[in-house]
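Peer 1: With chain A fixed as given, assemble chain B onto it according to the hints.
The chain contents come next:
Number of protein chains: 2
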Amino acid sequence: MNILEKEVEIGGDKMDKTFIFGHKNPDTDSICSAVIMEDLQKKLGIEAEATRLGDLNKETSYAFKFLGIDPPRKIDKVEPGSNVILVDHNEFSQSVDGIEEANIKMFVDHHRISNFRTSEPLFGFTQPVGCTGTVLYTLYQMNNIEITPKIASLMLTSIASDTLLFKSPTCTKQDIDVAKKLEKIANIDINEYGMDLLKAGTDLSDLTPEQLINVDAKDFEVNGVNFTIAQINTVDIDEVLKNQDAIEEAINNEIKEKGLDLFVFAITDILNSNSEIIALGKRTDIVEKTHKLENNRAFLEGVVSRKKQILPLINNNI
Amino acid sequence: MNILEKEVEIGGDKMDKTFIFGHKNPDTDSICSAVIMEDLQKKLGIEAEATRLGDLNKETSYAFKFLGIDPPRKIDKVEPGSNVILVDHNEFSQSVDGIEEANIKMFVDHHRISNFRTSEPLFGFTQPVGCTGTVLYTLYQMNNIEITPKIASLMLTSIASDTLLFKSPTCTKQDIDVAKKLEKIANIDINEYGMDLLKAGTDLSDLTPEQLINVDAKDFEVNGVNFTIAQINTVDIDEVLKNQDAIEEAINNEIKEKGLDLFVFAITDILNSNSEIIALGKRTDIVEKTHKLENNRAFLEGVVSRKKQILPLINNNI
Numbered sequence: 032m033n034i035l036e037k038e039v040e041i042g043g044d045k046m047d048k049t050f051i052f053g054h055k056n057p058d059t060d061s062i063c064s065a066v067i068m069e070d071l072q073k074k075l076g077i078e079a080e081a082t083r084l085g086d087l088n089k090e091t092s093y094a095f096k097f098l099g100i101d102p103p104r105k106i107d108k109v110e111p112g113s114n115v116i117l118v119d120h121n122e123f124s125q126s127v128d129g130i131e132e133a134n135i136k137m138f139v140d141h142h143r144i145s146n147f148r149t150s151e152p153l154f155g156f157t158q159p160v161g162c163t164g165t166v167l168y169t170l171y172q173m174n175n176i177e178i179t180p181k182i183a184s185l186m187l188t189s190i191a192s193d194t195l196l197f198k199s200p201t202c203t204k205q206d207i208d209v210a211k212k213l214e215k216i217a218n219i220d221i222n223e224y225g226m227d228l229l230k231a232g233t234d235l236s237d238l239t240p241e242q243l244i245n246v247d248a249k250d251f252e253v254n255g256v257n258f259t260i261a262q263i264n265t266v267d268i269d270e271v272l273k274n275q276d277a278i279e280e281a282i283n284n285e286i287k288e289k290g291l292d293l294f295v296f297a298i299t300d301i302l303n304s305n306s307e308i309i310a311l312g313k314r315t316d317i318v319e320k321t322h323k324l325e326n327n328r329a330f331l332e333g334v335v336s337r338k339k340q341i342l343p344l345i346n347n348n349i
Numbered sequence: 032m033n034i035l036e037k038e039v040e041i042g043g044d045k046m047d048k049t050f051i052f053g054h055k056n057p058d059t060d061s062i063c064s065a066v067i068m069e070d071l072q073k074k075l076g077i078e079a080e081a082t083r084l085g086d087l088n089k090e091t092s093y094a095f096k097f098l099g100i101d102p103p104r105k106i107d108k109v110e111p112g113s114n115v116i117l118v119d120h121n122e123f124s125q126s127v128d129g130i131e132e133a134n135i136k137m138f139v140d141h142h143r144i145s146n147f148r149t150s151e152p153l154f155g156f157t158q159p160v161g162c163t164g165t166v167l168y169t170l171y172q173m174n175n176i177e178i179t180p181k182i183a184s185l186m187l188t189s190i191a192s193d194t195l196l197f198k199s200p201t202c203t204k205q206d207i208d209v210a211k212k213l214e215k216i217a218n219i220d221i222n223e224y225g226m227d228l229l230k231a232g233t234d235l236s237d238l239t240p241e242q243l244i245n246v247d248a249k250d251f252e253v254n255g256v257n258f259t260i261a262q263i264n265t266v267d268i269d270e271v272l273k274n275q276d277a278i279e280e281a282i283n284n285e286i287k288e289k290g291l292d293l294f295v296f297a298i299t300d301i302l303n304s305n306s307e308i309i310a311l312g313k314r315t316d317i318v319e320k321t322h323k324l325e326n327n328r329a330f331l332e333g334v335v336s337r338k339k340q341i342l343p344l345i346n347n348n349i
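Chains A and B, in that order, are what the protein sequence lines are. Residue 32 is where the first sequence starts when you use my numbering, and the numbers rise one by one after that. Residue 32 is where the second sequence starts when you use my numbering, and the numbers rise one by one after that.
In isolation and in its complexed conformation, chain A is listed as follows:
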């Protein structure tokens, strides 16, 4: 039973309360941003609840345990007319089931805008920075609201995770400057905490191939081509590739189930900042316009960012 159904049962205020969530297959920035936004909304006098659209990955679990903060509850869908705030995403294909009929009150993001529409004007704020946590920092400043050590630690976690500790090409001077200020408020050494966080996320040992390709998978639709880009972080690409056959079987099942044209699975080496991809589906020709696949794989030198490097690679060749 999801929380919305529960609220209907108790005759609650589901239409008044605002639900906040990041994207499906949530990463650390999506979950932290939802919790940060709940704090901001409450301080602005708005009843809002942070939620999540999927299970916590190991990195996120590590963060919430380390920080001693309860993670938000999981929801599967929203009822028509529900008030929602989107953080860390805007594309409907990555959002909650029922988003088309929801009342989108606000979105705060750091991704491109695509497959997003509202029927009414809304508050929207996007910045081309490394994570939504950094955008939210600006929102606190705009509203003159004090950032507590707890909120600062969540923002820092977003930055460390999404910028791969400042190594991703998505990282901006703004992320670095904000992180410095947050370190003081949270009293956390981001380099030490961040490396522990990233390493915690690379423990993939007990995941099935199905789980592995869904740790951080995002669905896209461009000019009628439906594709998924999944990504995992590791400190040893070869270790992951030992299971290539089983991973490919899981990917092919996903392609069949979702009717995908292309599935790109990126295995990213966070120490050396490279990625190996496995690409499957009837439209692998899109990938091969720039990278020859051998044994369904290609090595992408210096590539660590889905948003800034892998997605444009596909987007520009459709």
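There could be a bad hint or two in this list.
[As the list claims (entries may be wrong)] Subject to a maximum C-alpha distance of 27 Å in a straight line, what follows is the list of computed BS3-like cross-link-like pairs (lysine-lysine):
hint : chain 1 : residue 1 : chain 2 : residue 2
1    : B       : Lys338    : A       : Lys48
2    : A       : Lys323    : A       : Lys55
3    : B       : Lys338    : A       : Lys74
4    : A       : Lys73     : B       : Lys204
None of these hints come from the bench; they were simulated from the model.
Peer 2: Frame of chain A, contents of chain B only:
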């Protein structure tokens, strides 16, 4: 020759310079916001030029003459890869020719988000307020940039025009509060200046029916239905309706030329805050779900806002 072609000829910096524009068939807020944004960009050290995507209407002409400010130049299209900033709109159907291939660096708006997409993350800021001028006021505050009397007078003009001097249901407390602050900076009495401005916009005497229906027309596409909502302000609806036959002929020509499914022409009485609409096209059934048309017309009591009242009426019935 448009200004982009001119720049190509002189081997200019067209790819570096950023072009700013509001929507096609520009209203006063679109033109003022482009000029305001040029000021903001320049003060942030970015080479940018305000432009417009159509002729000045009488209201806008009155404003720029009264304020002693040169209106921006008109452009028809942008070259692929051009840097652009969208103000007061986001829907591609209302934007410059070539927008699909442009590099959208920023958008600042107060409308719903629809038919808008970017390939890269960008700076975006939307607020559900009465005009883009009010959103830009917030941007100046965010960037700690002083608002000069000239910029204040342009923001005030945007507010007076788009909120019909605070009478439109799109007007918010924020618009009213901002206007009060701007009145002091600009040393302008908004009630006096605003009424002259709105009245200047209602002088429709020398317009042909074709010009009349294009004074402030916006194109929309919802679920495959292509429609236009045009609006004019007047102090005497009957005076405009004297030419109903000629107006209908002009609308029917427009429907044929653009392949529209529906054209709604709203004649808005700014003194009494009502509108009479003329609806033509093969999908007038959408309008008739809520308003019976007689002689192709319907009277909409208390309706003055396209965005907040007329568009939802159509949108919700498609």
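Peer 1: Hints first: check each against the structure and report whether it holds.
Peer 2: A quick look at each hint next to the structure:
As the CA atoms of Lys338 (chain B) and Lys48 (chain A) are separated by approximately 26 Å, the hinted pair is consistent with the 27 Å bound. Between Lys323 (chain A) and Lys55 (chain A) the CA atoms are separated by roughly 30 Å; this puts the pair beyond 27 Å, and the hint is violated. Simply put, Lys338 (chain B) and Lys74 (chain A) have alpha-carbon atoms about 30 Å apart, too far for the 27 Å limit, and the pair is violated. At roughly 21 Å between alpha-carbon atoms, Lys73 (chain A) and Lys204 (chain B) fall within 27 Å of each other, so this suggested pair holds.
Hints 2, 3 from the list above are not met by this structure, while the remaining hints are.
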